[in-house]
Amino acid sequence: MTADTVVSKPVQETAEIFSVQKIGEYVQFTVVAPGIAAGFQPGHFVAVAVGGDNTSMLLRRAFALYGATPTGQFAGTIQFVVAEHGPGTRWLTQRSVGETLDVVGPLGTSFPLPSGPSPAVLVGGGYGSAPLIPLARELVAAGSPVEILLGAATGSRLFGELVAKRTVGAVTVTTDDGSAGVRGRVADVLPDAIERIGAEVVYACGPMPMLRAVSEVARAHAIQAQVAVEEAMACGIGVCMTCVLPVRGDDGRSRFVRSCVDGPVFAADRVRWEDVGTLPADVMGADAMGGH
Amino acid sequence: MDGVRPMVDMTTQLATLTLPNPVLTASGCAAAGRELHQFFDVAALGAVVTKSIMMRPRSGRATPRMAETPSGMLNSIGLQGPGIDAFIDTDLAWLAEHGARTVVSIAGGHTDEYVELARRLNGHPAVSMLEVNISCPNVESRGQVFACDAIASSRVIGAVRRAADPSLPVFAKLSPDVTDITLIARACADAGADGFSLINTLLGMVIDTDTMAPALGGGTGGLSGPAIRPVAVRCVWQVRRALPHLPILGMGGIRSGLDALQFVLAGASAVSVGTAVFGDPSAPVRVLAELEQALDDRGFAALADAVGYAHRRPADRLVPEAAEVAAG
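Residue numbers (this note's numbering), protein chains in the order written: chain U, 1 to 292; chain F, 1 to 328.
Think of the hints as simulated: they come from the structure by calculation, not from any bench. A couple of the hints might just be wrong.
[Unchecked claim] Covered stretches of chain F (chain U as the covering partner; in silico rule of three or more C-beta atoms under 8 Å from a C-beta of chain U):
{"#": "1", "region": "33-47"}
{"#": "2", "region": "64-70"}
{"#": "3", "region": "295-308"}
This structure is a prediction, so every number in the text was calculated from the model and none was measured. Every residue gets a Cβ at the ideal spot worked out from N, C-alpha and C, and that includes glycine.
Pulled out of the complex, with its shape left as it was, chain F reads as follows (with noise of 0.2 Å):
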């Protein structure tokens, strides 16, 4: 490094969507950018991902709602959120009028929530994506994740597929806590998936040992946080290798510019920062900057080139001269 800005051409594309730079929020980690404002200019993100919206206003479950685990921590919010009408006439105004790019995550108990969620969003001109969450109970189905039923999971992303507005990418965002990921990232392909968010939390449970209880009032919660990003960059990788068509937005554990880049050679074509943001809130334009200079430092000329190239054979796998300087 030599101090000299680097000059990547950071632009990236999410389906038919261009975005200028790779590096956006995760859903449930920025709330709707408006706290994240304070230390940032949201608009300067690749986009906002919102907390998952569903169609009625939610109190979430109980406190506590967290706790701290080595390099992670378990949640258990439960989408506490405004329901979608509050969200379009606040939340999605408010980025409308900061000039964010937004993907608008989705959430529901049943297939039918999931399409009038989409109904509705379709149209705004904030809306730049939909990111469809189905780690979620299906009320149909005695609870059962959605996400972890392959079947189930195509039901929705087809369902969501043929009621959006075709301009609008849709994506599924995945749970890691199944046996063959691969198995369902098909189903969502074969249903009209335009790419996949991956990884959403893993299902974790702590027990406080003071109280000889479960730690979270909901019992179980989502793992996320660096402890998760190995697994992240393995669904990633596996998806990719499946799937090398559709483009991926990854998210699991990125908390500096070199995590986002093991993403990146995986196969995502952008990241989201989440639990990272918790204990830095500029975290996102950090990575980026840091994303944007690790590329430079291996000799990439724009992020695209990186995108999947861990899967290239040793013999087309390039060690730019920059990358030794780096490394040495």
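Chain U on its own, in the form it takes in the complex (with noise of 0.2 Å):
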């Protein structure tokens, strides 16, 4: 039911910063990278540099892609959602307009899209809703039904609601302690939206357990789910081999592939997620590791 996946041709720009806009938890950013721009499909993601010229900081640190418009007004600019929880990210909310950024990207895989109008449900976690916007843009042009569910531990970690709002209507909010919408997880209202538009396939972005439990929900629908991973990453373009999970190919054996460059979107079916973070006996090659 749904197209191929379109795998990023990254680049590394130069971005100057457009625009830092700060939103609940989270800080927004626009900056010009028409490289990036041109290559954009929702589900890609960026990894930018932190702490400036020898900075002791040496890994990228990645963002899912929130936008990025390659012509018209403000041409050639990609958005990305910063969450502060460390101090490579504190030094990017610390900067302002004007300053630049070196950002790789797009990297990773897209969501693979229906070939036609297909009912839709969206799940975002936290900051990961922010690639479901563009998602839900495209979805709702080829003419898909589409609501999505926001879910947050709390009100001011939720991203994008208004912005869901304005872009499919139906949008569903939980926090864990009730301070915003329905109290709960976000997987606990995914099975009434389902049925509410007979949706086809879920769409997904977040934490490793809601990304593990919205897969059982549309497991338990009979329908496909696509989910964008947040897995640790060093390098983002496939060398440094630290953001491997455990997935099940299409020849039905199980490897520790790359998240960074054979997803971050995968079929939420094909992970293992009761087996992330093992060495599974049964994984390509966990054979030839005795000894080491």
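The two chains are supplied separately, each in an independent frame; assemble them into the complex guided by the hints.
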């Protein structure tokens, strides 16, 4: 039912910051990066250098793209959303308009799109909603009925509620503490949403436990889920092998695959959620690991 | 500097191998070149050093596999790889097709595995040199790392040297986690090593204070990046002093041309850029351009003249005018 994912062709750009906007606990960046904007598809991400020249922080930080404007007014810009949770992301959130960032992108796989109109539920956890907004726009433009579910631990960690409502109308919010929307987990409200619109596909982005729960709900409804993972990575371009997940291939065999180039978007039923963080004995090449 | 492109002879010699320039990738930091080719032409490098390959396909270890540390990173990948057959069919074929000179890093659990890997690579047109990763546990010696034992190191290197095509230089990649690296280097030299790759990662550990357990799935990991650069420069210096007739490929925390120059002055004939690639995928070509400029600024007409220059006695160490200008 879905067309192929678009594998990105990344470029490295020195991107001038066009705007920095604080939204709840997040900071939304718009930067001038025409090469990245030109190749953007929903689901792609960027890897941003932090700390400036001679920094002690060597590794890039990865952020899902929230949007790109390849042509027209403010042409060649991309948008991404940063959550501050360490010295690297803190450095980023302290940048101001006119400064430049070293950005590599677009990276990874995109969300595969239905070949025709197809009812879809989009599920975002925290700022995992960011890549779902441009996806929602594409689905709506193709005539697909779309509902968006947004969940977070607390109200200030929700992202994109207003723009989600503008884009699709039907938006349900959940928070763990009940400070906004329905109290509870976002996957709890997914079965109703699937049934309401007769969804044929679920798209999701957020923390691993949420993606696993979404995957289980989709399976119970016998529909496909396409999920974007947020795995820790060092390079983002496929050389370091740190961001691997156990994933079943077309041949039925499981492999450790890189979430940066083989993902971040995976068919949820291919990811072995219960085995993430372990070395399952039947993963290809696990038998050669003795002694090391 | 006056904006004129520097004109330094950057060719270098690693035993019998001549390279057009001295900047290579580092094993495990460039996969097999294909991903970096999106950012620059891999044939423009001195050579691509491929991720250590073993006989069989390997899954690698459980995640988490990486932790960022001050000016470095700790990794515990566990040599995830496709195995030698798929490597030759896919990765080496791609490198050959793209005209990249290739240094193949080989790894094994016992001496026979290294020997078999060397045999499989004999005669392949893309292979310019073998780098023998001996920082692996020896399954026949209760997991003792080859590189931490002079006898085990020399056995592997001697066996690979005898098995490999005589025209291919065999470099021993040594671990800094030893009491005296020159003892290991000398044992490898006696066994027939044509040169040394210095250094492999340092063994390290990070404890996650939230989970109160080791941050990496594998417990310990290899520390790399600028944090280890002074250790690496020291190792290059010591081995150069002990065995001045053997060439050294230096690596460990290089992220600028001046970093690379330190290794060259300490005695490295070429350098590998490793962890820096994770932060800056075009780092190898940038380091090459910066190194050429740095040599030019110091009045060197050829890279070869700078190799080991820091070992000269003060009276023989000319400070070129250009260097004073650059420093001023």
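Taking the hints in turn, this is what the structure says about them:
Counting residues of the region 33-47 of chain F whose CB lies closer than 8 Å to any CB of chain U gives 4, so the stated coverage by that chain holds, three being the minimum. Given as covered by chain U, the region 64-70 of chain F passes the check, having 5 residues with a CB less than 8 Å from a CB of that chain where 3 are the minimum. Against chain U, the region 295-308 of chain F contributes 0 residues with a C-beta closer than 8 Å to a partner C-beta. That does not satisfy the three-residue criterion, and the hint is violated.
Violated hint for the displayed structure: number 3, the only one.
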